[in-house]
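*Asks:* Once you know that position 129 of the sequence shown is 129 in my numbering, the rest is easy, because the numbers rise by one and skip nothing.
It is worth saying that the hints were derived from the structure and are not from the lab. Treat the hints with caution; some may be incorrect.
[To be verified] Below, a list of computed lysine-lysine pairs in the BS3-like style, where the Cα atoms sit at most 27 Å apart:
1) K20 <-> K211
2) K20 <-> K112
3) K72 <-> K143
4) K163 <-> K43
5) K20 <-> K168
6) K211 <-> K168
7) K112 <-> K74
8) K43 <-> K112
9) K74 <-> K211
10) K112 <-> K72
11) K112 <-> K146
12) K74 <-> K146
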Amino acid sequence: MSKQTAITLHPVHNYTFGIKEAAVERDPDMAIRMDRLRDRYHKEGMRQSVEGILLVHEHNHPHVILFQHGTKEKPSFRLIGGRLRPGEDEISGLIRKLDSSLSPLGTSLVLKWQIGECIGMFWRPNFEEHLYPYLPAHITRPKEAKRLFMVHLPDRAYFAVPKNLNLKAIPLFELYSNQVLYGSLLAALPQMVSRYRFNLAGSVQPIAAPKASNAATSLPETTATTAN
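Could you put the whole structure together from the sequences, leaning on the hints where they help?
*Replies:* Written as structure tokens, this is what we have:
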């Protein structure tokens, strides 16, 4: 009988969350995002992107850290990551995206990210929202290839969140098969991480936030429910 790889998850309240300058939002909606993807595709070819899976635990259950966009009535969620630059390798690109999304600026609290294995790959066949965990046989020119990597968190850390974004810890049971609210990629995450055995670690003293950081000592869970 094969053994599952064990990974350690730490309580979400071990982490301190502060605020930094707003991130540039290039794609306020999916239509604009697809238009930009089309323009870049004609200039650079297929988009290569990477995203990190950051896991914590709360109430003895794994949660994944996501950015929330949109409105209360119509929220959208995504993993942390983004487009690779031409010639950039996947690990360096993911670290760059994690730094720009969550690392504090100008402090000694910048995290040294530990990138784990790639556990999934999704394809965008056309200039549409839909992503697939396989490349359809009739598609010879996909528009995007997205790779998902595990990111192993230390027992505590300080994260600085752009002030125009919300960071949420979403339980796996909320994501499971919930394509209506989260989309096919996020709804598949529980199956993707089921290859691991989770060791749920205990609490430690959180890192003190820098002065004037507007830090919160905990990250709230989502209250979102499946859309009707």
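*Asks:* Determine for every hint whether it applies to the structure shown.
*Replies:* Structure-based check of all given hints:
Under the criterion of a C-alpha separation no larger than 27 Å, the hint pairing K20 with K211 is consistent with the structure, at around 12 Å. Straight-line distance between C-alpha atoms of K20 and K112 comes to about 19 Å, which keeps the hinted pair within the 27 Å bound. Our distance criterion of 27 Å between C-alpha atoms is broken by K72 and K143, whose separation comes to about 30 Å. Distance hint between K163 and K43 is unfulfilled; the C-alpha atoms sit about 32 Å from each other, more than 27 Å.
Restraint check: the Cα-Cα separation between K20 and K168 comes to about 16 Å, which is no more than 27 Å; the hinted pair holds. Note on K211 and K168: the hinted pairing holds, with a Cα-Cα distance of about 23 Å set against a maximum of 27 Å. Taking the CA atoms of K112 and K74, the gap is about 34 Å. The hint is violated against a cut of 27 Å. Our distance criterion of 27 Å between C-alpha atoms is broken by K43 and K112, whose separation comes to about 33 Å.
With a CA separation close to 35 Å, the supplied pair K74 and K211 exceeds the 27 Å bound. Between the alpha carbons of K112 and K72 the distance comes to roughly 33 Å, so the proposed pair goes past 27 Å and is violated. In summary, the hint linking K112 to K146 is supported, as the alpha carbons are separated by about 23 Å, within the 27 Å threshold. Our distance criterion of 27 Å between C-alpha atoms is met by K74 and K146, whose separation comes to about 24 Å.
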